[in-house]
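**Q** Spelled out, the chains give:
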Amino acid sequence: MKTLLTIILVAVVTFAADAQIRITRTEELPLSRSRHWSNPQFSPNGRSVFYTDGDGNGIWEYSLQDRTSRRITEDPKSGFAFSLSQDGMSLVYRRTSESGQTRTQEIVMMNLARRTSSVLATGPDVSNPSFSGNTPVYTVRSKTSGLAPTTARAVISVLGIENTKIALNLGGRKVIVDPHGNGSYVWPEISPDNRRLVAYEMDRGAFVCDLDGANLIALGRRNAPSWARSGHWIVYMDDRDDGHRLLASDLWAISPDGSSSLQLTMTRQTIELNPRCSPTENKIVCSTATGSILVFEYEEQQ
Amino acid sequence: MTHRFMSLLVFCAFFSSIAVAQRADLAGIKICIDPGHGGNNAANDRHLIPDPGTDFWESESNFQKALLLKALLEAKGATVLLTRNTNTYPTDAEPSLATRVAFANANNVNWFHSIHSNATGLASNTSINYTLMLVREEIVPGGSSVYGPGTGKPEKQGAWDISLIIGPYIKEKLRTQRTSQYLDWTFYGGTNGGFTLGVLRGLSMPGQLSEGSMHDYYPETRRLMNNSYRKMEAYAIRDAFLSYFGVPADSPCIVAGIISEIGTGKLIDAARVRLLPENLIYTGDQYRNGFYMFDGIQPGPHTIRFETPGYRPDSAQIMLTAGETRFLDRQLEFISSPMVVTSTPGRSETEFSAAGQIQITFSKIMDTLSVRNAFTLIPAVKGNLLWSNGLMTVTFKTDSIVLPFNTSFVLRVEGTARSMGGFFIDGNGDGIPGDAFQLSFTTKPADVWHPILTSAFTPNGSLFVSPSSMINFTYDEPLDPASVNTSNIVIQEVGGPILPRTFEYQESNGRGGFNIYPQGGLGPGKSYRIRISGVTDLSGNAIPASNPLWSFSVAPSSGQITTIENFGSSVASWWQPATNASTVGVDSATFEPDSAVTLKLFGSGGPSAKLKYTWRTSAPDWLLRVSLRNPELNQTYWSARGTALQLYVYGDGSGNFFRFEIEDSVEVFPEGRPENREVGPWTKIDWVGWKLVSWDFKEENSGSWTGSGKLEGTLRFSGFQLKYDPLAGSRSGTVYVDQLQLSKGSDTVGARPPGSIALSFSMSQNYPNPFNAGTRIDYVLEERVDVSLRVYDILGRQIRELVSSPQSRGGYQVYWDGKNDQGDVASSGVYLYQLRTGAHVSTRKMVFVK
Numbered sequence: 001m002k003t004l005l006t007i008i009l010v011a012v013v014t015f016a017a018d019a020q021i022r023i024t025r026t027e028e029l030p031l032s033r034s035r036h037w038s039n040p041q042f043s044p045n046g047r048s049v050f051y052t053d054g055d056g057n058g059i060w061e062y063s064l065q066d067r068t069s070r071r072i073t074e075d076p077k078s079g080f081a082f083s084l085s086q087d088g089m090s091l092v093y094r095r096t097s098e099s100g101q102t103r104t105q106e107i108v109m110m111n112l113a114r115r116t117s118s119v120l121a122t123g124p125d126v127s128n129p130s131f132s133g134n135t136p137v138y139t140v141r142s143k144t145s146g147l148a149p150t151t152a153r154a155v156i157s158v159l160g161i162e163n164t165k166i167a168l169n170l171g172g173r174k175v176i177v178d179p180h181g182n183g184s185y186v187w188p189e190i191s192p193d194n195r196r197l198v199a200y201e202m203d204r205g206a207f208v209c210d211l212d213g214a215n216l217i218a219l220g221r222r223n224a225p226s227w228a229r230s231g232h233w234i235v236y237m238d239d240r241d242d243g244h245r246l247l248a249s250d251l252w253a254i255s256p257d258g259s260s261s262l263q264l265t266m267t268r269q270t271i272e273l274n275p276r277c278s279p280t281e282n283k284i285v286c287s288t289a290t291g292s293i294l295v296f297e298y299e300e301q302q
Numbered sequence: 001m002t003h004r005f006m007s008l009l010v011f012c013a014f015f016s017s018i019a020v021a022q023r024a025d026l027a028g029i030k031i032c033i034d035p036g037h038g039g040n041n042a043a044n045d046r047h048l049i050p051d052p053g054t055d056f057w058e059s060e061s062n063f064q065k066a067l068l069l070k071a072l073l074e075a076k077g078a079t080v081l082l083t084r085n086t087n088t089y090p091t092d093a094e095p096s097l098a099t100r101v102a103f104a105n106a107n108n109v110n111w112f113h114s115i116h117s118n119a120t121g122l123a124s125n126t127s128i129n130y131t132l133m134l135v136r137e138e139i140v141p142g143g144s145s146v147y148g149p150g151t152g153k154p155e156k157q158g159a160w161d162i163s164l165i166i167g168p169y170i171k172e173k174l175r176t177q178r179t180s181q182y183l184d185w186t187f188y189g190g191t192n193g194g195f196t197l198g199v200l201r202g203l204s205m206p207g208q209l210s211e212g213s214m215h216d217y218y219p220e221t222r223r224l225m226n227n228s229y230r231k232m233e234a235y236a237i238r239d240a241f242l243s244y245f246g247v248p249a250d251s252p253c254i255v256a257g258i259i260s261e262i263g264t265g266k267l268i269d270a271a272r273v274r275l276l277p278e279n280l281i282y283t284g285d286q287y288r289n290g291f292y293m294f295d296g297i298q299p300g301p302h303t304i305r306f307e308t309p310g311y312r313p314d315s316a317q318i319m320l321t322a323g324e325t326r327f328l329d330r331q332l333e334f335i336s337s338p339m340v341v342t343s344t345p346g347r348s349e350t351e352f353s354a355a356g357q358i359q360i361t362f363s364k365i366m367d368t369l370s371v372r373n374a375f376t377l378i379p380a381v382k383g384n385l386l387w388s389n390g391l392m393t394v395t396f397k398t399d400s401i402v403l404p405f406n407t408s409f410v411l412r413v414e415g416t417a418r419s420m421g422g423f424f425i426d427g428n429g430d431g432i433p434g435d436a437f438q439l440s441f442t443t444k445p446a447d448v449w450h451p452i453l454t455s456a457f458t459p460n461g462s463l464f465v466s467p468s469s470m471i472n473f474t475y476d477e478p479l480d481p482a483s484v485n486t487s488n489i490v491i492q493e494v495g496g497p498i499l500p501r502t503f504e505y506q507e508s509n510g511r512g513g514f515n516i517y518p519q520g521g522l523g524p525g526k527s528y529r530i531r532i533s534g535v536t537d538l539s540g541n542a543i544p545a546s547n548p549l550w551s552f553s554v555a556p557s558s559g560q561i562t563t564i565e566n567f568g569s570s571v572a573s574w575w576q577p578a579t580n581a582s583t584v585g586v587d588s589a590t591f592e593p594d595s596a597v598t599l600k601l602f603g604s605g606g607p608s609a610k611l612k613y614t615w616r617t618s619a620p621d622w623l624l625r626v627s628l629r630n631p632e633l634n635q636t637y638w639s640a641r642g643t644a645l646q647l648y649v650y651g652d653g654s655g656n657f658f659r660f661e662i663e664d665s666v667e668v669f670p671e672g673r674p675e676n677r678e679v680g681p682w683t684k685i686d687w688v689g690w691k692l693v694s695w696d697f698k699e700e701n702s703g704s705w706t707g708s709g710k711l712e713g714t715l716r717f718s719g720f721q722l723k724y725d726p727l728a729g730s731r732s733g734t735v736y737v738d739q740l741q742l743s744k745g746s747d748t749v750g751a752r753p754p755g756s757i758a759l760s761f762s763m764s765q766n767y768p769n770p771f772n773a774g775t776r777i778d779y780v781l782e783e784r785v786d787v788s789l790r791v792y793d794i795l796g797r798q799i800r801e802l803v804s805s806p807q808s809r810g811g812y813q814v815y816w817d818g819k820n821d822q823g824d825v826a827s828s829g830v831y832l833y834q835l836r837t838g839a840h841v842s843t844r845k846m847v848f849v850k
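Listed in order, the protein sequences are those of chains A and B. Heads up: the first sequence is residues 1 to 302, going by the working numbering. Heads up: the second sequence is residues 1 to 850, going by the working numbering.
These are calculated hints, taken from the structure and not from any lab test. Since the structure is predicted, the reported quantities are computational estimates derived from the model, not experimental observations. Hints are supplied without guarantee of correctness; some may be wrong.
Claimed, not checked - If you anchor each label on the Cβ, the simulated ranges turn out as follows: (1) 834/B / 144/A: 47 to 57 Å; (2) 143/A / 834/B: 55 to 65 Å; (3) 45/A / 152/B: 37 to 47 Å; (4) 28/A / 843/B: 41 to 51 Å; (5) 144/A / 305/B: 56 to 66 Å.
We put the beta carbon where it would ideally sit given N, CA and C, even for glycine.
Model the full structure from these sequences, guided by the hints.
**A** Below you can see the structure in the form of structure tokens.
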């Protein structure tokens, strides 16, 4: 589809100028309505959006260049745990199947060009896979595979959550970070300059700190935080519920020092969830409660 | 799915069927336990006060259950994670539902379980207590994760299957009445506007939610305050996991029960129970539940001794089988003399009505013959003793219609009166049985005064703008209902005919009032006169004939009326006042539908809503708040100009106060915030019967509460409030409300058009306040302008510059972490924050507590 289906959802308030961030354009990806889509993220080069369905069963790719979508896999629960290699050529994911009281998980590596795949590991509890550069990294029975300190010194990435703590890949070395001390973490993400970390501690809220956990700045209840590529803002969702059901959610941005925050969307009818920022462009992708995927363009002014 | 993967699954499934049967424990199973809700926010955390001093928070109860369940599961080898590890959130930043789901997914757990307790939503739940299991429902392709629709099938069969075990297990351990199990979308409305449970959506593993029992059923509320009782639920859930994963059940046993008092049925606090031969002692709590429990008990013969001080000891022999939970309830006899708990009249009362009933309530069931022989009233009046309240309350019924007027009496119950169990009364409460109870009182003189008018709706000479066609007159004493009739009360159109009319007469708090309903209504633009003559009090004293005649006019137009709430058969969309965090100084308060007192203006008159309340007179402050659960779901929005908010209130003549509550600036803050809650002026409830209470926004006469006191932007209704008058108000009362409406003059009333945002400058009170970790300051700019936001100490010295730059039109949130410009944490104390723009300066206080 050459013509963009563009919907301006940010109908109300715009913010402009002067150390500001504001949405300039909103696009709903023209995806099939036969499924509920969720968990989108940009590819490393920012040219595609990878996403899954509401149950995490499968991974799809939408090309922002040629405006086409394709299914990568329909493996069960693969959409809950997948990662792309730095060169964008490979995808690694975890597929899960349950039979009775038994769960089986496999780490699957896929060559996106040739569409060939191989199983790297199997077990009842395998980690969320990631990449160290272009090498897949995963943990099975406490043993982490794929880290090579001698060849990946420049690589810094998030490996995931291990036993409620943050696992980082610092130059091919796995480091467990617990900035709050006995915290329970979720949503870790490293800043574009590879010097800072944003994450959420379950009892204390979001925070920014150094990669060793030092110099922590509390941000409060900022959910699903994601670094803007400039590093000057962290985009998050302000989801509201009554303890039973999700009532509303808008996207906001907060400065990493926590000194100010700005509302990016004010759409009462649209519940925006789980934003992720593009590593290469001023774009944000998120899903909605009705199963669509939105791509926002934004501009920053210093 | 690849062929190889399928083959592997088949193999694993076969292998697992063997492995499950042989599983010794839960090793290798990772379970995420979610203690539902969190913190102490009454809006979301279900706060109930069944008794003074007993604060039940569902969030705390859930959290304690989760901690207990974690320990029990870990003892069986499972790995257990909690979505929250505290119930203390100073900034109310408990993890959202989506955050909890993300945490479970990030940790790749095998199973998710959310612990809750339930509530009926009734104003008063006096009997309902059941268990409910909720499982996420499969959503149709392309449906919404929040609003469905569902397919009628569980998304994960495992969650459904284990719930079929958990529900009955909880029912057994908590002895609830029944257990039910539903798919979430179907349960929460289904095709009739259903929604899904946020905490189950997006999980990568099976998950379910248990509502163990009803926390608004007060006997259960009190039990849920007890950690041993909570542990019973934890055992039930653990045992269900053991059963589902094929782990052999525990052999240690549980012995539990409830101890109450013979006769009164009162549940005994601090009950002491001893288990032999282990010689374990359980001491109960102070929450009026009588609960005790021993766990980890080996099978075999045991003796249970009930040793609560003040009660006759008792014991029982039991034989426990492996894994058994044995309930052993006991009633104990109180070792004490009966005492007089309450009396009417009170001691030394000098204004006792001659028509009043003399009544005494004892603390124990009484031997009626001994009381009859011990009862004297001097001077003597012929009459009989009538018993009620399970032979604990005796009423003296005189043979004559009334007692003698203006007479001093002495009432005595001699020390020979005794309880059914043979204990003589302790009449003077000195702890020694056998002495008499005595009280003196004096009846009032015969009534020679005519009733005085205390309230009239509509006032004499007024312009009647209401379309209600109903008039109310209230007097300072009860009236003779028979005298409230068409002969004595006449309404006539000026220059026209006498109108046919009906009446309602009612009494409350010593006042009498009647409503006049002109049949066919009142005509717009017409004038009327009312003559009252011959209406008397109970002693025959007639109200003087009104002279000049009562007169009023009806406005040419009543304006446009929009019904906001007509209080049908349910008030489920309202918070119960006792659970509202803003309610203070109240011993009890219920809000429920009522069909006995109805507003007959509109058709046959549907149910009204009854607010029954009792103030705690010893409290330092009083406020009773009745508010909507979700004001944002209300579709009526308006602006202040030319409108009036109206509610029919059936007054109780209590002398207490009523006012409206609304939210403003909802176009900027659609979720509603305390800073945007404004209130109307207080109206003294000095009438008995129906009256239309109105808040006319034209006068901008708002009161002072959590908002700014100024009505800004778009408004919507959020609730109403009552306040106790400690000098002249009644301690308890009942008011009814019906037909909440908006009366519009020239401004538009109706649903807010989407996108029509009118922003105006404002700065809100910081939140939270007081604070320690940090606080948030919200403000709205109506145009692009240079902005300065600074924090000053109380001496005016700048502490921190938070904003100093031009900013565009819109809403902003700024967070202050309590640090000064040098990065040091500021001292505890009062600070000022000031927002300056080109045309506005706004300053507010905040309190920083380290």
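**Q** Would you mind marking each hint as holding or not holding in the structure?
**A** For each hint, the structure was consulted:
1. 834/B / 144/A: 47 to 57 Å: holds, 53 Å
2. 143/A / 834/B: 55 to 65 Å: Given range 55 to 65 Å: holds, Cβ gap about 58 Å.
3. 45/A / 152/B: 37 to 47 Å: holds, 43 Å
4. 28/A / 843/B: 41 to 51 Å: holds, 44 Å
5. 144/A / 305/B: 56 to 66 Å: At 58 Å between Cβs, range holds.
Consistency with the previously given hints is maintained throughout, with no hint failing.
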